[in-house]
Structure formats: C-alpha cells, structure tokens
Amino acid sequence: MIRNTRAFVIGLVMLLSFALCYVGMMSPNFGNGRNGLNYADDMFNSFSKGSSNFIQESTQLAASLKGTNIDLTIKASSAADAIKWGKLYTVSGAAVTIKDTSLTIKGDFGQILSSVVVDSDSMYKNDAKTVETKYGYNAREATNNWNNSLKKIDAALKAKSQFAEEIILSKVVQKALEPGYNYYGVEIKKVVDNKASLAFLLSFYLLYTVWYGFGLYYLFNGLGIVVSKPKKKVEV
0 MIRNTRAFVI GLVMLLSFAL CYVGMMSPNF GNGRNGLNYA DDMFNSFSKG SSNFIQESTQ
60 LAASLKGTNI DLTIKASSAA DAIKWGKLYT VSGAAVTIKD TSLTIKGDFG QILSSVVVDS
120 DSMYKNDAKT VETKYGYNAR EATNNWNNSL KKIDAALKAK SQFAEEIILS KVVQKALEPG
180 YNYYGVEIKK VVDNKASLAF LLSFYLLYTV WYGFGLYYLF NGLGIVVSKP KKKVEV
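The sequence shown runs 0 to 235 under numbering that gives the first Met the number 0.
What the hints contain is simulated information worked out from the structure, not anything from laboratory work. Remember, predicted model here, so these are calculated numbers, not experimental data. We put the CB at the ideal spot given by N, CA and C, even for glycine. Hints should not be assumed to be uniformly reliable.
[Stated by the list, open to error] Per label pair, the in silico range of CB-to-CB distance:
1) 1 with 32: 41 to 49 angstroms
2) 31 with 94: 43 to 51 angstroms
3) 94 with 205: 52 to 60 angstroms
Start from the sequences, fold in the hints, and give me the full structure.
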C-alpha cells in the first residue's frame, strides 16, 4: 500500500531509469563487441599494465647471477612437455639432457634468467612473433612452459639450500614473467594521459551506486517501509 505517493513515484522513476541505463551499459556498443563493463575492465587493465613494467629491474636481477652455474634435474608432466621445456633452456645456452619426462639442465643461471626476462618483455609488448620464432611454437605456451619449469627449478633450488638463487628466481618470475604473460594483448595506457576517462569512470561508478541506493530509499519510503528507533516504554 502506497503511503507517500511523491516518494514512491520518485523512487520508481529512479529505479526504472537505473534499469534502462543498465541495459544500455550491457549492450555491445562500446567497440569490438564489448559492453560497458568490458570497456571499463579493459580500461583499468590498461592502466594497471602501464604501472607494472619492472623489466629493467628484472634485467639487473638476472645479470646479478651471471656466472652462477646450475646442475639440476626436473620433471615435466609428459615427454612432449619435456621436449618443449628443453627447447627453452637449450636456446638460452644451457646443456639439456632429456630422458622421458626428466630434464637435466646445466648452465649459467643468470643467462637463463636473462632469456626469461627478454621473452617476458616481448610478451609485455604484445610481440608474440619474436617468441614464436625463437622457440618454434605458440608464444603463450612457451611463456607458460617457462613458468611451469621454473616452478620445478625453484623447488630444486630450495632442496639444495640455494636460497640466494631461489629468491632472485622468484623475483624475476613475479616482476617479469607473470606480468608478461598476464598482460599479453592488453594495450598500455598511462593514467597521466587519460585523466578525463579515469575521472569519468570513477564519477559514473559513484553516481550509479548512489542512484540505485536512493531509488530504493524513496520507493520503500513511499510504501511506508522505513527504519525507525523503537519507542521507549514508559513505566508508570
């Protein structure tokens, strides 16, 4: 039952206009078949990528291990993966012996990590062709193979108490390999160059949230559904 017609109408109009705006936002009219949420998500991913470039720092970390040799045996999940993993390390200058799913890797660890950083930089710059030419197969798969094989090396280094090398490996993976893989295909945008777009998105999000909240408030108020403090009982 409507108790306050004016408040009810205001709330109803606000919620209906909110719904119409939502339908417009969810329509694929924001370029490349994207809806408004996809557009905003891509925009913030681009901003995030613009502030996630640690290649120079990773290059220095890898260089700090030049001359440090490793001799480790790791296992891939299949013989086919072992061959593809071996390609990464052979191209990076290491001597690799493959037996079924096992790989024995001997080489300069700094040189190996430098190769990881170079490939990560290529992926970060959306240059998959360079990586594919280097290894002869899909760039995303190659980057994922780096990640999976380095996890095995990480465990092997810990088992041998080579913690200094393991720490640098972890940093290179976090600062170079992961951003390169995760941000591949994302356009780089800097906040300083897109202040107006960022301000609009944040302002619209705030307005849209308040809009919905006040719509519900007025609607319920019109229906007489309000929150009030309970009356205190007066004892005689």
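For each hint, the structure was consulted:
no.: 1; hint: 1 with 32: 41 to 49 angstroms; in the structure: holds (43 angstroms)
no.: 2; hint: 31 with 94: 43 to 51 angstroms; in the structure: holds (46 angstroms)
no.: 3; hint: 94 with 205: 52 to 60 angstroms; in the structure: holds (59 angstroms)
Checked against the numbered hints listed earlier, the structure breaks none of them; every hint is satisfied.
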